[in-house]
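Residue numbers (the UniProt record's numbering): 1 to 183.
These are computed hints drawn from the structure, not numbers from a lab. Each hint should be verified, as a subset may be incorrect.
Straight-line alpha carbon distances no greater than 20 angstroms define the calculated EDC-like cross-link-like pairs of lysine to aspartate or glutamate that follow [what the hints assert, rightly or not]: (1) K172 / E128; (2) K131 / E176; (3) K160 / E112; (4) K147 / D157; (5) K169 / D140; (6) K131 / E112; (7) K169 / D120; (8) K160 / E173; (9) K147 / E173; (10) K147 / E176; (11) K163 / E176; (12) K63 / E112.
Computed from a prediction, not measured in an experiment: that's the story for all the values here.
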Amino acid sequence: MTEIYCTKCRKKTETSSEVQDMTDKGRYRIHGDCIICETHKNTITGENWKVKLHSKGEVLDAKKKRKKTATNKKAKKLGLKILDADDKVQAYIKRTTTPPSTSRLESNEEEEIPAPTQGDSSVSEYFESIKLYAIARNKDLDHINIKVAFILGLKLDYAKRAKEFGFKKPLKEIVEHLVGDRY
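Based on the sequences and whatever the hints tell you, model everything.
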């Protein structure tokens with residue numbers, strides 16, 4: 001219960017009800033009922049004013065508008081944060097979206113993984129890197145593409161010996177032959 005002065009009867013009175021209503025400009029003002037003369041008054045300015053009742057549809061429209069404005073402000077803040085992010089983050093945010101049920105790591109197209117080459121390493125070290133390459137490609141060591149990648153990555157003299165030994169044999173036997181020829 002708030003004590004207010006009625007502008008009509010000029011007496012200090014306690015209000016039986018205190019309500020917040022929205023003005024035309026979207027601001028709230030508190031009003032109460034004078035018990036003595038039963039007028040509605042604004043407690044902030046002390047002026048008499050008539051309570052305007054809004055339909056339920058108008059109230060819901062106003063709520064939707066306020067919620068939409070708040071959402072737009074959040075989107076603007078996020079937009080500014082996106083602009084401040086580095087290029088990799090922006091590319092990730094702006095990517096084409098995939099359904100949440102599918103993982104981004106799983107894809108139907110196979111990524112091209114370059115096959116290793118022997119370089120300055122020994123045949124047994126090169127064979128270990130080919131094993132890792134086969135695991136990355138989800139293929140068996142005796143798969144034809146793995147054998148071809150192995151032979152193409154060998155040094156020239158080892159590649160000639162492997163071709164002479166034969167492709168149809170398992171890769172482990174080819175490596176044992178190459179390592180055995182060396183000693």
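Verification of the supplied hints:
Between K172 and E128, the direct Cα distance comes to roughly 11 angstroms. Compliance with the 20 angstroms bound is thereby established for this hinted pair. Straight-line distance between C-alpha atoms of K131 and E176 comes to about 15 angstroms, which keeps the hinted pair within the 20 angstroms bound. Taking the CA atoms of K160 and E112, the gap is about 27 angstroms. The hint is violated against a cut of 20 angstroms. Straight-line distance between C-alpha atoms of K147 and D157 comes to about 16 angstroms, which keeps the hinted pair within the 20 angstroms bound.
Under the criterion of a C-alpha separation no larger than 20 angstroms, the hint pairing K169 with D140 is consistent with the structure, at around 14 angstroms. At most 20 angstroms may separate the alpha-carbon atoms for a hinted pair to count; K131 and E112 meet this at roughly 16 angstroms. A hinted pair counts as satisfied when its Cα atoms are at most 20 angstroms apart, and K169 with D120 does not qualify at roughly 25 angstroms. This hinted pair checks out: K160 and E173 have alpha carbons roughly 15 angstroms apart, not beyond 20 angstroms.
Distance check on the hinted pair: K147 and E173 sit about 12 angstroms apart at the alpha-carbon level, within 20 angstroms; holds. Restraint check: the Cα-Cα separation between K147 and E176 comes to about 14 angstroms, which is no more than 20 angstroms; the hinted pair holds. Distance restraint check for K163 and E176: the Cα-Cα separation of roughly 14 angstroms lies within the 20 angstroms cut-off, and the hinted pair is therefore satisfied. The hinted pair formed by K63 and E112 fails the criterion: a straight-line CA distance of about 54 angstroms is larger than 20 angstroms.
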